[in-house]
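Student: Chains as they are written, first to last, in our numbering: chain A, -15 to 377; chain X, -15 to 377.
Think of the hints as simulated: they come from the structure by calculation, not from any bench.
Values in this document were obtained by computation on a predicted structure and should not be read as measured data.
You may find that some hints are simply not true.
The list treats identical chains as one, so a pair stands whether inside a single copy or across any two.
As the list claims (entries may be wrong) - Once the Cα atoms are required to be at most 20 Å apart in a straight line, the calculated DMTMM-like pairs of lysine to aspartate or glutamate come out as:
1) K302 to D123
2) K256 to D(-1)
3) K87 to E110
4) K256 to E312
5) K343 to E312
6) K302 to E275
7) K147 to D157
8) K87 to E55
9) K323 to E195
10) K147 to E83
11) K316 to D65
12) K316 to D(-1)
13) K302 to D157
14) K323 to D65
There are 2 protein chains.
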Amino acid sequence: MLRDEVGSGLRPLSDLPAPRLGIIGGGQLAKMTASAASELGCEVVILERAADFPAQSLDTHTIIGDWDRPEDLARLAGLVDVVTLENEFIPSEALLTIERLGKPLWPSARTMSIVQDKLEQKRAFEAAGLPVVRFAAVDSIDSIRAFGLPAVLKRRRNGYDGKGNASVGSAADLVGAWARLDGDHQSLYVEEFCPFVREVAIIVTRSQRGEVAVYPLVETVNHHHICHEVTVPAAVAPSVAEAAADLARRALETIGGVGTFGMEFFLLADNKLLINEIAPRVHNTGHYTIEASHCSQFENHVRAVLGWPLGSPELVAKAAAMVNLLGEADGKGAPHGMKDALAVPGAHVHVYGKTRSAKGRKMGHVTALGSTPAEALATARAAARHIRFGDRT
Amino acid sequence: MLRDEVGSGLRPLSDLPAPRLGIIGGGQLAKMTASAASELGCEVVILERAADFPAQSLDTHTIIGDWDRPEDLARLAGLVDVVTLENEFIPSEALLTIERLGKPLWPSARTMSIVQDKLEQKRAFEAAGLPVVRFAAVDSIDSIRAFGLPAVLKRRRNGYDGKGNASVGSAADLVGAWARLDGDHQSLYVEEFCPFVREVAIIVTRSQRGEVAVYPLVETVNHHHICHEVTVPAAVAPSVAEAAADLARRALETIGGVGTFGMEFFLLADNKLLINEIAPRVHNTGHYTIEASHCSQFENHVRAVLGWPLGSPELVAKAAAMVNLLGEADGKGAPHGMKDALAVPGAHVHVYGKTRSAKGRKMGHVTALGSTPAEALATARAAARHIRFGDRT
C-alpha cells in the first residue's frame, strides 16, 4: 500500500497553499497537466479506472472508479476545488452530477455535450457561420448514397485517432463501412471527402472571463490517423495563420469553452480553412508548448480552470517540432535506446511511464527547438528513431 | 491515508519502464528533481522526516524516517535503483550504509565527506591548485587572532544561507563571534575577509563517466546571505566566464563529483576568481535552467545519477533572470497576489507548496527570459513583487 507510512489523509482544502485540482482520467495528458499544476503549488486528485496509470506519480490522491458512475464523480468533486478532464468520452449527463453539487467543472457539461457529439459540434459551428466540411446525419446506407460519394462515414461519439471512421470511396464500400462502424446500433454521420493539401492545427485556451490565448498554427503529419509529427510555425501565408487564430477564438466562444482545446483544420488548395474537429482538452498537437512556449498548453489549462490570468502562448524559439513515440508491439513499457536518444543534443525526451506497450500506443514524445521547423524536426527525429517500445516479455 | 484505494504496493523494480530514483530529503530541490525524473518516465521515492513536504505530490512512495539513521537509509535503498540527495547535511558515515548495500549513491559518500566539511573542501581545492580565499583551522580565539583580522569565522559543517558564519571585523568582535558559533563545542575555521566586487556562480553536472555539462556563469545578488536574485549570463569578460567554467570542471574532478553541483565564486577587482564554496546538489542559482536551458540542472542531475548522457546546458534565450519568493512572516503557506503575478506576461511562477510560511523561508521563485539580463530581471521582479507569503492565520 502506497504512502501508508504518511499515516494521514488529505489535508482539508482550507489548509492548502493553492487550490486542489481534480482530473477525470490519468493518462499522459493528465500527467502533464498535473505537472503544471504542481509547479503552481496545486495538489491534484485523479479519478481512474485501474491502478498504474501515467499521472499516478504526480497526484496526491487516487480514486479508482468509473467515469460513467455519478457516485465516483461525486467522490472526486468532494475532494477538490475544481474538476477538469483529460478526455472527451465522459457522458455529459454524468458530468452534470459535478455541477449539481455546486463544484466548478471546466470545460462545462454543456460544452462537453456539444463537443462530444461530433454531429452536434459541426451543427454548432455551422450555425455560428464557421467553415466546416459539408456533413449530414445518416440513418441508413441509402441516406449515405443520397449524400453523395466519396465520403467519410463517422461515429457521432467516442471516435479518436481514426477509430470510428470509415472511408467510402464508392458504392461498393457502403455495406462494409456501415457494418464496420456498426451502423445498425451506433449513431453515425457522414462528411464530404475533403481534398485538403495539408493538415494544420492550433491550441487555444479560453478563461472563464473570455480571455483567450491562441498558440501558433502548427502542421501535423498523421500516419494511420494517429498524430505522428508536429512542426511549428506552420509554413503557411500569414493570412492563413491569422484566419486560423480567428476561427479558434470564435469556435471557443461558440461552444462556451473554458480551458485548453485542440483544433484541427483542413487547409485547401485555395488557402481556405475548414474546421475538421475540436477536442475539449489539452491535445497531442500542443505537447511542443512545454519547451517551446512561454506558457505551456498545460499550464494555461490549469490557469483557465482555476480562474487565473492566462500566460503567453508565444514561442521562446523561432521554431519547434514534436515527434510521437508510439509502441511498436505489445510488451513491457520500458523504452529501448533511451541513452542513445538522450545523447542527441537539444532533444527533450518525454516518457509517459506506461506499464505496457501496445502497437500504436502513445508511449512518449520528443520535442526540439530550432531556427527553422525543419531543423527542429531533424533533431527530434534523430532522438526519436533510437527509441523503441515493445519488448516481447 | 493516501492512495489507500489503489490497494497495491510498489511495483517490483524489474516491472518498471524506467529506473526508480530515491531522494533523501523532500524539499523544493527534491520536488523539481522528481518532476524532471517523472518526465523521463522514472518513479521517485522520498525519505523525509515528517509528512507534508513539497516533493510529496511527486513521489510514488514516501518513507518517513531520519536521514541520520542507517536503517531508514537502508529502507530507501531497498526500494530504488539509485539514491541521491537534496542536501549536504546527511552524515557521510550514514551514507556509507547505502554503498555497503551495493546500491549506487550519487554523489558518493566519499564526495560528500569532502564537501560537507568546508575546511576539507577548501583543503582539497587548494591541494589541487584551485584558487580559494586564504583559510585556516582554528581551535581558539587566539588562533583566529593569529590568522589575522578582518576575517570570517565559519562552522566546518551544517552551515547554509549564512547560518553558521560570523564576521570578525576587529578584535572586539572575537568573543561574540566565537560564542555565537559555539566555538567551544563546534569545529570552526576562519577565512580571510574577501574584498570581492561581485558574486558569481555556476551550475555544473558531471556524469559517472566524467562527461561534464557546464552551465553559463550567473550573477547572484544576496540579501542577508540568502540568494535573492540571479541573472544570466553574468556581465563579465569572456575570459572570466571561461575561467569559471574551467574551475568548475576541475573542482568536480577533484572531489570525484557525480550529479549536479552549484559553485559560488568571489570575483575580485582584477578579474581573478576565488572559489567560495561548492554545494553537492542542485542549487538555487540554477533554478533558471528549468525554463532557460535546453536541459535543466534537475534533468541533468537525474541523467548523471542514472548513468545516462548529459543534456545541453545552453540557454534557449539570450538572457534569463530568477527572483526568489521568500516568506515575509510566519503564517499559512498560501501566496497572496498570485493572480496579479500570473498576469505579468512571460513570468514563470513556481510555488513550492509548503504548508507554512516563515520569515526568509524559500516559498517559490519566478523566472523570466529576455533579450538582456536586465530585461529578464525586470519581468521576473514585476511578477515577484505581487506575491506575499505569510498570512498571519
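Student: If the cut is 20 Å between Cα atoms, do K316 and D(-1) qualify within a copy, between copies, both or neither?
Tutor: Result: close only across copies, 8 Å inter versus 40 Å intra.
Student: For K316 vs D65, is the C-alpha pair at or below 20 Å within one copy, between two copies, both, or neither?
Tutor: between (36 Å within a copy, 18 Å between copies)
Student: Can you tell me if K302 and E275 fall within 20 Å by alpha carbon in one copy, between copies, both or neither?
Tutor: both (12 Å within a copy, 16 Å between copies)
Student: For K87 and E55, with the copy left unspecified, which applies at a CA distance of at most 20 Å: within, between, both, or neither?
Tutor: within (14 Å within a copy, 45 Å between copies)
Student: Classify it for me, K323 with E195: is the Cα-Cα distance of at most 20 Å met within a copy, between copies, both or neither?
Tutor: Result: close only across copies, 14 Å inter versus 42 Å intra.
Student: Between K302 and D123, at a C-alpha cutoff of 20 Å, which is it: within one copy, between copies, both, or neither?
Tutor: neither (49 Å within a copy, 59 Å between copies)
Student: Evaluate K147 and D157 at a C-alpha cut-off of 20 Å and name the case that applies: within, between, both or neither.
Tutor: Classified as within: same-chain Cα gap 17 Å, cross-chain 78 Å, threshold 20 Å.
Student: At most 20 Å between alpha carbons: which applies to K323 and D65, within, between, both or neither?
Tutor: Cα proximity of K323 and D65: across copies only (17 Å, versus 41 Å in one copy).
Student: Can you give me the call for K256 and E312, within, between, both or neither, at a CA distance of at most 20 Å?
Tutor: neither (36 Å within a copy, 56 Å between copies)
Student: Please work out whether the CA atoms of K256 and D(-1) approach to 20 Å or closer within one copy, between two copies, in both situations, or in neither?
Tutor: Answer is neither: 52 Å inside a copy and 50 Å across each miss the 20 Å cutoff.
Student: Tell me, please, which holds for K87 and E110 at an alpha-carbon limit of 20 Å: within, between, both or neither?
Tutor: Answer is neither; intra-copy 32 Å and inter-copy 63 Å both fail.
Student: Given a CA cutoff of 20 Å, do K302 and D157 count as a within-copy pair, a between-copy pair, both, or neither?
Tutor: Neither. Shortest intra-copy (45 Å) and inter-copy (57 Å) distances fail the 20 Å Cα cut-off.
Of the hints listed earlier, those the structure fails to meet are numbers 1, 2, 3, 4, 10, 13, in rising order.
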